[in-house]
Amino acid sequence: MSVVEARGLRKSYGGHVALDGLDLRVDEGRILGLIGPNGAGKSTTLNAILGLTRCEGELRVLGRDPWTERDALMREVCFIADVAVLPRWMRVSQALDFVAGVHPRFDRRKAEALLATGSIRPRSKVRELSKGMIVQLHLALVMAIDARLLVLDEPTLGLDILYRKQFYDALLGEYFDATRTIIVTTHQVEEVQNVLTDVMFVDRGRIVFDAAMEAFGSRFLELTVVPELLAAARELRPMHERQALGRSVLLFDGVDPGRLAPLGEVRTPGIADLFVAVIGKSAGAAAGTSA
Amino acid sequence: MSAPSQSLAGEVRGAAPATTAALPVWRVLGWLVRRELWENRGTYRAPLAIAGVILLGFAISLRHLGEKVGAALAAPTGQQAHLLFAPYGVATAVILFTGVATSMFYCIDCLHAERRDRSILFWKSLPVSDLLTVLAKAAIPMAVMPTIACLAAFATQLLMVAIGSLALLATDLDATTLLKQVPLFQQAPVAIYGMLTLTLWYAPLYAWMVLVSGWARRTLIWTVLPPAALALLEKIALGSGHFAALLKYRFIGSFQEAFSASAQRGGMIDPLTQLEPVHFLASAGLWSGLIVAALLLAGAVWQRRRAQPL
Numbered sequence: 020m021s022v023v024e025a026r027g028l029r030k031s032y033g034g035h036v037a038l039d040g041l042d043l044r045v046d047e048g049r050i051l052g053l054i055g056p057n058g059a060g061k062s063t064t065l066n067a068i069l070g071l072t073r074c075e076g077e078l079r080v081l082g083r084d085p086w087t088e089r090d091a092l093m094r095e096v097c098f099i100a101d102v103a104v105l106p107r108w109m110r111v112s113q114a115l116d117f118v119a120g121v122h123p124r125f126d127r128r129k130a131e132a133l134l135a136t137g138s139i140r141p142r143s144k145v146r147e148l149s150k151g152m153i154v155q156l157h158l159a160l161v162m163a164i165d166a167r168l169l170v171l172d173e174p175t176l177g178l179d180i181l182y183r184k185q186f187y188d189a190l191l192g193e194y195f196d197a198t199r200t201i202i203v204t205t206h207q208v209e210e211v212q213n214v215l216t217d218v219m220f221v222d223r224g225r226i227v228f229d230a231a232m233e234a235f236g237s238r239f240l241e242l243t244v245v246p247e248l249l250a251a252a253r254e255l256r257p258m259h260e261r262q263a264l265g266r267s268v269l270l271f272d273g274v275d276p277g278r279l280a281p282l283g284e285v286r287t288p289g290i291a292d293l294f295v296a297v298i299g300k301s302a303g304a305a306a307g308t309s310a
Numbered sequence: 464m465s466a467p468s469q470s471l472a473g474e475v476r477g478a479a480p481a482t483t484a485a486l487p488v489w490r491v492l493g494w495l496v497r498r499e500l501w502e503n504r505g506t507y508r509a510p511l512a513i514a515g516v517i518l519l520g521f522a523i524s525l526r527h528l529g530e531k532v533g534a535a536l537a538a539p540t541g542q543q544a545h546l547l548f549a550p551y552g553v554a555t556a557v558i559l560f561t562g563v564a565t566s567m568f569y570c571i572d573c574l575h576a577e578r579r580d581r582s583i584l585f586w587k588s589l590p591v592s593d594l595l596t597v598l599a600k601a602a603i604p605m606a607v608m609p610t611i612a613c614l615a616a617f618a619t620q621l622l623m624v625a626i627g628s629l630a631l632l633a634t635d636l637d638a639t640t641l642l643k644q645v646p647l648f649q650q651a652p653v654a655i656y657g658m659l660t661l662t663l664w665y666a667p668l669y670a671w672m673v674l675v676s677g678w679a680r681r682t683l684i685w686t687v688l689p690p691a692a693l694a695l696l697e698k699i700a701l702g703s704g705h706f707a708a709l710l711k712y713r714f715i716g717s718f719q720e721a722f723s724a725s726a727q728r729g730g731m732i733d734p735l736t737q738l739e740p741v742h743f744l745a746s747a748g749l750w751s752g753l754i755v756a757a758l759l760l761a762g763a764v765w766q767r768r769r770a771q772p773l
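Line order of the protein sequences matches chains A and B. In the working numbering, each residue's number is its place in the first sequence (first place is 1) plus 19. In the working numbering, each residue's number is its place in the second sequence (first place is 1) plus 463.
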């Protein structure tokens, strides 16, 4: 069952093409990481999914057109777009009152229980809270909404590492289950590697790479080559090659580990390594690896 | 996960659609209005603060109250009520005017603030339509503020009579003079009627400000400049002043249309003979104004849907 189904999304701002025929499908129960350089079209994609911007092409989220049915869709979709969008004049208790007042799937007691574990006082105004506390508050509000799709756009930007870790722990431990779907964009790629079930790279308004994390370890391998065997390793057609500590590191897609092991040290690459391999190359090479 | 291979229509049949029922519109609208009042406490506190200033001034002036009431009672019978009511009428007018002024300040900022502080991204993450959002904002100048201003004005009058009566205890006048002679209850419908007609008359002004607040970066300039430029253009190009006259009519026309000519000459207004509700309801100015207001608010809804943080 697909929660998000997009085909041929196009969007341009003036002369800049933000989305260039983007295709995307997200199934229920997945945690998808959308990774890409600045200006690649991640936020535009999310904004289209959330009904915040209009695109050409076909787009369905939970069977609805987000642009024309945003308010109905938001009963079952939640998002944290950027940090610090909670109104600064609002009191914590007012935020709870208001969301409880307008949201049919908000469980106020759950939000209060989540907040009780932290040091946020109900009488405090948002402007009096630290950045980390504001994100905790927003997360408590969102986690108390029984949503089917949660969209997170750089949810931990500007937070220290402790809060970032807590954020994902809470999301995975207390919120995520097989009926929910999460789409997240972030620059802190390494931190979400173990959280995601799927990863997609966005570049120049298109999905240029798409993999399930279950298959990630078996599909991609990184080889730190013994210098004398570099020519042999290159014959296996690595998708990327880089230098690290004076040695060549080659990245392979779908090559039998048994063939690589004699050539050097083999390990599973990080998403960041793969990202550099896919995005860091020229547009032509990137197109060659697109899914 | 893979690139889509089937038609979208086929996939949609497979996916369980979003089906949660919406909450009742009135409940959501009520919370939206409450939210506006949380954010804009100054808007409704301003008329209350002015009422406080009036009461303070009145209290300080109490030592002359005996002389003034005595002078009013010495006037010819036809003028007594008018002279006695004058300070109460002025207090009401000032409080109602403050309500209108703060409503305008509210409108100029109402859709700008959420873009400025990026909170629009939070509001839009909730299942609230742009239509309801704009309607809640329009309800502040159109319903909430007139009600608050009228209540504040009447409460102020009552308090003035109460402390005035206490002050009269110290004079040789009858302490119940004010209670008996100041026509507060006869005049209350005049104030309510005046505020109601003015609010309906000003609907396009409020709606224009709401619209501008939804798209402009500098709202005050964009609120004032286009109408002023249009009036100037007409004056220079055609030598006529129709648009300027139209603007003037919009600012002061409700009094012309809603009250009789005799009421417009000043003095205390008789609620039985000097109000002209039928004439007001039959005036083209009212209905054309309401139509323009509806169109401008529709524009504000259209704009809110596309609005991004500044």
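Source of the hints: derived by calculation from the structure; they are not laboratory data. All residues carry an ideal CB built from backbone N, CA and C; glycine is no exception. Possibly wrong hints are sitting among the right ones.
What the hints assert, rightly or not - With the Cβ distance kept under 8 Å, some of the chain B side facing chain A (calculated, not the full set):
id : residue
1  : Ala484
2  : Ala485
3  : Trp489
4  : Arg490
5  : Trp494
6  : Glu502
7  : Ser588
8  : Leu589
9  : Thr634
Structure-based check of all given hints:
no.: 1; hint: Ala484; verdict: holds, 7 Å
no.: 2; hint: Ala485; verdict: holds, 7 Å
no.: 3; hint: Trp489; verdict: violated, 11 Å
no.: 4; hint: Arg490; verdict: holds, 7 Å
no.: 5; hint: Trp494; verdict: holds, 3 Å
no.: 6; hint: Glu502; verdict: holds, 6 Å
no.: 7; hint: Ser588; verdict: holds, 5 Å
no.: 8; hint: Leu589; verdict: holds, 6 Å
no.: 9; hint: Thr634; verdict: violated, 49 Å
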